[in-house]
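Participant: The opening residue of the sequence shown carries number 1 in full-length UniProt numbering; numbering runs sequentially from there.
Hint data in this document are derived by calculation from the structure and do not stem from the laboratory.
C-beta: ideal position from N, C-alpha, C; glycine also.
Since no wrong hints were added, every one of them can be taken at face value.
No farther apart than 27 Å at their CA atoms in a straight line, the calculated lysine-lysine pairs in the BS3-like style are these:
1) Lys314 x Lys281
2) Lys434 x Lys382
3) Lys28 x Lys55
4) Lys314 x Lys374
Distance ranges between label pairs, derived from CB positions:
5) Ile412 x Ala874: 52 to 60 Å
6) Asn916 x Leu699: 48 to 56 Å
7) Met719 x Pro350: 35 to 43 Å
8) Glu717 x Ala245: 50 to 58 Å
9) Ser125 x Thr149: 52 to 60 Å
10) Met746 x Gly625: 27 to 35 Å
11) Glu147 x Ser108: 28 to 36 Å
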Amino acid sequence: MDRFEFIIALTEHRFLGLVFQPFLIEKKERFYSVVRLVKPHDLNDSEYTFKPYEKELVQLIEKYSDEGLTKKFSRAASVSDFYTSLRPGYFEKQVTPFIEKCMMQVCSILMLSPVRLFRKEAKYSNLYDEDQLEVPPFFARPEFEFERTETQTRYRLHIFLEEKEMLLSARSVEVVTNDPCLLIYRNQLVAFEKLNAKKLMPFFEKDYVTVPNTIEDKYYSGFVLNTVRDYDVKAKGFEVVHASAGKKAVLSLENNLQYRPCLVLNFEYGDEKFLPDSSRKMAVSVKKQNGTFVYYKTTRDFTWEKKVLQLIKKTGLKDDNGSYTLNGVSMLEPQNALYYFVNWLNEKRPQLEEQGIVIKQEQLEKKFYTGSQKLELKTQTKGDWFDVYAVVKFGEFSIPFIQLKKYILNDIREFELPNGEVAVLPEEWFARYKGLLPFGKQQGEHIKFEKHHFTLLQNSIQEVDKEVKQKYEKLINAEMERPVLPANLKAKLRNYQEEGFNWMYGLYRNGLGGCLADDMGLGKTLQTLTLLLKLKRLKQEIKIHNPVDASGQRDLFADETKSETAVQPASLIVVPTSLVHNWSNEIRKFTPALKVYQHVGTQRKKAEELGKVASYYDIIITTYGTVRNDIDKLRGTEFFYLILDESQSIKNSSSKTYKAVMDIKARYKLVITGTPIENSLSDLWSQMNFLNPGMLGNLAFFRRTFITPIEKHASEEQMDKLQLMIRPFVLRRKKVEVAKDLPPLMEEVRICPMAGEQQKLYEQEKSVIRNTILSTIEKEGLKKSQFVVLQGLTKLRQLANHPSLVDDEASERSGKFDEIFRMLSNLVAEKHKVLVFSSFVTHLELLESKIGEQKWNYSKLTGQTTKREKVIKAFQDDEDNRIFLISLKAGGVGLNLTEADYVFIIDPWWNPAAENQAINRAHRIGQDKHVFVYRFITENSIEEKIQKLKERKSSLADKFINSNNPFEQVTQEEIVELFS
1 MDRFEFIIAL TEHRFLGLVF QPFLIEKKER FYSVVRLVKP HDLNDSEYTF KPYEKELVQL
61 IEKYSDEGLT KKFSRAASVS DFYTSLRPGY FEKQVTPFIE KCMMQVCSIL MLSPVRLFRK
121 EAKYSNLYDE DQLEVPPFFA RPEFEFERTE TQTRYRLHIF LEEKEMLLSA RSVEVVTNDP
181 CLLIYRNQLV AFEKLNAKKL MPFFEKDYVT VPNTIEDKYY SGFVLNTVRD YDVKAKGFEV
241 VHASAGKKAV LSLENNLQYR PCLVLNFEYG DEKFLPDSSR KMAVSVKKQN GTFVYYKTTR
301 DFTWEKKVLQ LIKKTGLKDD NGSYTLNGVS MLEPQNALYY FVNWLNEKRP QLEEQGIVIK
361 QEQLEKKFYT GSQKLELKTQ TKGDWFDVYA VVKFGEFSIP FIQLKKYILN DIREFELPNG
421 EVAVLPEEWF ARYKGLLPFG KQQGEHIKFE KHHFTLLQNS IQEVDKEVKQ KYEKLINAEM
481 ERPVLPANLK AKLRNYQEEG FNWMYGLYRN GLGGCLADDM GLGKTLQTLT LLLKLKRLKQ
541 EIKIHNPVDA SGQRDLFADE TKSETAVQPA SLIVVPTSLV HNWSNEIRKF TPALKVYQHV
601 GTQRKKAEEL GKVASYYDII ITTYGTVRND IDKLRGTEFF YLILDESQSI KNSSSKTYKA
661 VMDIKARYKL VITGTPIENS LSDLWSQMNF LNPGMLGNLA FFRRTFITPI EKHASEEQMD
721 KLQLMIRPFV LRRKKVEVAK DLPPLMEEVR ICPMAGEQQK LYEQEKSVIR NTILSTIEKE
781 GLKKSQFVVL QGLTKLRQLA NHPSLVDDEA SERSGKFDEI FRMLSNLVAE KHKVLVFSSF
841 VTHLELLESK IGEQKWNYSK LTGQTTKREK VIKAFQDDED NRIFLISLKA GGVGLNLTEA
901 DYVFIIDPWW NPAAENQAIN RAHRIGQDKH VFVYRFITEN SIEEKIQKLK ERKSSLADKF
961 INSNNPFEQV TQEEIVELFS
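Model the full structure from these sequences, guided by the hints.
Facilitator: Dropping the structure here:
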């Protein structure tokens with residue numbers, strides 16, 4: 001047991017008056033000896049173990065020690081200067097309230113702890129039991145009594161300690177602190193919760209205070225009103241009424257001091273308002289009625305208020321320095337923050353009002369509509385259109401949604417209702433419908449959308465008819481019906497090709513246009529022809545003409561006629577000039593049941609004849625140049641399908657080509673390309689607008705909405721939206737995606753027509769060479785003429801490749817060269833790697849010059865190349881190096897180029913061994929890609945002669961192909977055949 005006791009003593013301070021001080025005392029026989037004053041540094045003293053509340057008392061008292069006050073309130077150099085250095089009035093206003101607050105805290109601990117309180121004279125060090133002061137564990141209760149008569153009011157103050165009234169007189173009371181009041185009464189320290197000692201002092205000398213009626217109005221509206229509010233009052237001659245007015249919680253939309261929107265909660269009891277964090281327990285108002293004063297006391301219902309606060313918290317509101325805000329609002333601009341609050345009220349108001357919480361807005365410049373707002377939608381399908389019926393319900397008002405179109409498109413959030421209130425359109429409507437509305441057409445009070453906008457409609461509107469939704473979802477997800485392949489198709493489709501056919505057929509069934517954008521070599525032409533063969537239908541019987549014209553095509557305008565059943569209008573296929581032969585060849589090979597007419601060259605039909613051509617033939621093939629020149633002829637005929645191959649040819653929407661194809665009438669449209677986007681998204685717009693006009697809006701809208709955000713700002717949101725719109729209408733398979741369906745090696749011969757001037761030059765040179773050879777053979781004999789023959793063959797090969805290979809100054813174009821470069825452009829765009837082999841270094845140099853103009857990375861290997869390994873490594877390792885130009889002789893051995901998956905042999909000849917060596921550069925052990933090989937043959941040239949000989953496997957072909965020196969066995973007649 002400790003030999004010391006911890007006590008608190010009230011002792012006189014020379015400047016502060018009576019203050020609490022902590023001491024340790026030691027009990028003697030008849031008194032207590034003060035051991036020492038306790039300071040914070042004594043709390044760890046081993047002589048006495050301090051309890052937690054004792055430590056707290058020491059720390060509290062230290063706050064108003066001389067040192068503590070000096071540190072808090074003054075910069076005086078020493079404690080002795082503190083009390084003399086303060087300016088007049090400062091001590092009473094700042095220091096005294098602080099001390100009295102600390103003293104009250106000390107008293108509160110004494111009321112609840114066993115620590116004893118003594119009265120101690122400063123000069124004595126002994127204490128006696130009779131010096132002890134009791135500290136009652138409760139506050140004294142004041143009761144004010146006002147008695148109003150005709151001439152005066154008497155005011156008395158009664159103090160109760162528990163139920164016993166204290167008798168106030170100067171002899172029995174000693175004031176320790178003023179506010180709140182602490183006093184010593186009959187050996188007790190009496191505490192008041194909030195009474196100021198100044199209210200007690202008049203009654204130390206007299207029983208009551210008299211107030212004359214001449215000043216009673218001021219007295220009753222001031223002092224008495226405050227007293228009725230804060231204390232118990234006994235009223236005589238006037239009334240104190242406990243009001244029972246209805247209570248309600250009010251959320252008010254306002255601006256705070258920073259002029260930012262917030263919600264302010266008030267608890268209203270009749271005319272009285274309380275903020276949630278107000279400490280006032282009640283409100284009092286006074287009215288003078290019938291010559292007397294009536295006080296109305298409104299007491300707060302804290303239990304109810306607590307329930308309201310819990311409900312407010314559940315709605316997501318959070319306290320923010322006395323007002324309420326929402327998560328994320330602080331990050332918004334003030335105007336957008338205001339809109340956020342209004343929309344929150346639109347959503348939460350029914351829930352709040354159900355709980356009795358009233359919404360108000362009285363301080364804002366505008367009155368916003370804060371009721372519920374509901375968008376009601378339904379859709380109907382009519383032919384090629386979707387009709388959207390939409391109404392917005394703003395309380396009692398029903399507004400057709402179409403009236404909000406300009407607001408949503410122009411990001412205007414405020415919409416004025418008929419009653420003058422301002423509705424704030426939800427951000428969700430802008431996010432959901434802004435991308436949809438530009439494509440809608442107003443019709444009365446509903447909006448029409450074309451069916452090619454279904455993906456946008458489905459993404460924005462959940463209320464799409466179920467049957468329609470299922471139908472178009474299949475289209476979007478490429479879950480097409482699987483039509484039976486045409487029985488007369490002369491090819492076996494690979495799986496992905498059959499899927500492509502199914503996809504195109506699904507678009508046809510829905511009256512929509514599509515873009516087949518497979519990688520080069522995957523059979524886009526075959527898939528398209530399969531569709532046209534499937535859709536071939538007998539229509540009517542017409543008179544047609546039987547004779548065949550000089551070009552091998554039927555002459556429909558000759559005299560001889562016969563009857564035949566005709567098909568639906570022909571499909572018009574527009575292709576680059578270099579692909580006319582390829583399409584015709586594919587039709588003959590795979591779909592011979594389709595009758596084809598080539599609308600090209602100088603012998604093509606006149607405008608009045610095209611109608612009959614379209615009635616008889618299944619397919620009309622023409623070129624982009626011809627379409628430009630013949631648009632006046634073509635626009636008068638309706639076609640079944642209008643198909644554009646290499647449709648990037650119309651990427652420039654201001655070009656004559658684009659305008660021409662847009663002018664042609666067709667029931668259905670299709671485009672084919674490996675590179676729908678070559679340079680800009682505007683390429684895509686042109687092709688999509690051709691397929692489904694209006695699908696992506698006009699070009700200005702498309703540029704503003706998609707091109708700029710995507711190309712300049714890399715907007716993923718707009719990219720996703722654009723992909724959503726075009727997804728059903730573009731089918732693209734990369735070679736790697738369909739690898740399982742492909743053989744390891746695929747070879748194709750690409751027949752290239754000569755350019756016009758090139759053809760004339762070739763025919764002239766051929767005639768000269770043939771005459772020279774025949775003359776030489778006649779003079780020298782066949783054996784001695786071999787050099788002349790070889791020289792002639794080589795020159796014709798060079799002319800077939802490019803006139804510039806024979807004459808550096810030649811200005812003629814080359815059909816083959818154009819086709820090679822067109823295909824190279826596609827492969828570079830598709831990010832493939834290609835090996836280009838040629839027998840002529842000069843041919844490679846021509847390509848090299850053109851490639852340099854495009855600023856493409858490439859490699860080149862000829863007999864003149866010294867650093868072979870460096871060149872090869874650059875092609876293999878550089879992802880952007882996509883073209884390797886190789887001479888057949890230099891690339892014959894020692895190459896392993898498995899990064900390439902395309903091989904171009906741009907001037908094939910009779911020796912397959914050299915070609916096979918070239919192919920093996922890419923297609924060999926270690927190659928994990930499927931390799932496509934293209935041989936480029938110029939139509940109606942010596943190259944085509946040799947190619948046809950190979951295909952026929954004739955004796956002449958055998959002599960040339962399998963012999964090191966073909967002229968040892970060839971006859972003069974066979975030489976003539978080559979040059980015929």
